[in-house]
Amino acid sequence: MKSLPVEVEVAKALVDDSAFITIRGVRLSLDELIEPRLADVAHLDELRTRMQSATPYPHLVVQDWFNPRLLELVQEEFEVLPRDHWSTQTNAYARVERSRVGARMGPASQLYFWTIGSSFFLHALSHVSGVADLVSDPHLFGGGLHETLSGGSFGIHADFDRHPRTALNNEMVFITYLNKDWQAPWHGALELWDAGRKQCVGTVEPEFGRSILMSHGRTHYHGHSQPLAVPPGVTRRSVAAYYYANRFAREDRREAMLSTYLFASRSDRSKQVLKQILPPIVVSTIKRLARR
213 MKSLPVEVEV AKALVDDSAF ITIRGVRLSL DELIEPRLAD VAHLDELRTR
263 MQSATPYPHL VVQDWFNPRL LELVQEEFEV LPRDHWSTQT NAYARVERSR
313 VGARMGPASQ LYFWTIGSSF FLHALSHVSG VADLVSDPHL FGGGLHETLS
363 GGSFGIHADF DRHPRTALNN EMVFITYLNK DWQAPWHGAL ELWDAGRKQC
413 VGTVEPEFGR SILMSHGRTH YHGHSQPLAV PPGVTRRSVA AYYYANRFAR
463 EDRREAMLST YLFASRSDRS KQVLKQILPP IVVSTIKRLA RR
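When the letters of the sequence shown are read in order and numbered with our numbering, they come out as residues 213 to 504.
In case anyone wonders, no lab produced these hints; they're calculated from the structure. Note that beta-carbon positions come from the ideal geometry of N, C-alpha and C, so glycine has one too. Check the hints yourself; a few may be wrong.
What the hints assert, rightly or not - Each pair of labels, with its calculated beta carbon distance range:
id	residue 1	residue 2	range
1	K410	P294	39 to 45 Å
2	E244	H399	33 to 39 Å
3	G237	T431	43 to 49 Å
Start from the sequences, fold in the hints, and give me the full structure.
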């Protein structure tokens, strides 16, 4: 197995006063890691319109949001991730490789995931998707490095509803592809299917630098169902991350932001007692009915 140096230098350039990071001799300006227009509200509005009008369900396909040199470095690190840090999924529905939860990724991969887990990126995704208070997952459950080998596939499916540890609601997935000179006859396109699972409505070729943001839903079917027919030495690679929200917390936020007074009214004391003995879902239902 090849080895890569792990030294990562983070410095402040005194000449031009621009921050940069150096990974394996490649210098990357932190100002150029990600699409700068993600800070432009007008541009985010355009992306939101595109996403909400997409079929068969809300999704957004974009190109070159990330510095290509960063993605090239990420792609290199697939080669050196230790074998015991990979998980192989082989069953009637899928033949894919994924990095394990807690895998010790290379510096470029870590930088990519730190970037898409940042407050800046979460703010942009919330604006584009319309989902407030998104939460990233540092454990990358279901995400991380993904690789499909020759003959592999990933059956048409809808993603999981909740994070297995935090129980937060799965809101969306963000995928970036790392495959240069990809060819359609190799059968690696992501397929987007209709709610009835009757036909493929659209496809996304997994070309280098292309990313897709897909909202989650129980009928948001996708996958790449045809076995890969790639030449020797070629695989299908991507990096992915899921984003979550706590829907009950949104409903309870207004009350949680209020002060609690020592000398509460009898009515307020009764409400507090009910909150302590009733399940949260019942309390939330009562609140919704009361607001009607």
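Comparing the hints with the structure gives:
no. : hint                      : result
1   : K410 <-> P294: 39 to 45 Å : holds, 42 Å
2   : E244 <-> H399: 33 to 39 Å : holds, 34 Å
3   : G237 <-> T431: 43 to 49 Å : holds, 47 Å
Comparing the model with each numbered hint stated earlier shows that all of them hold.
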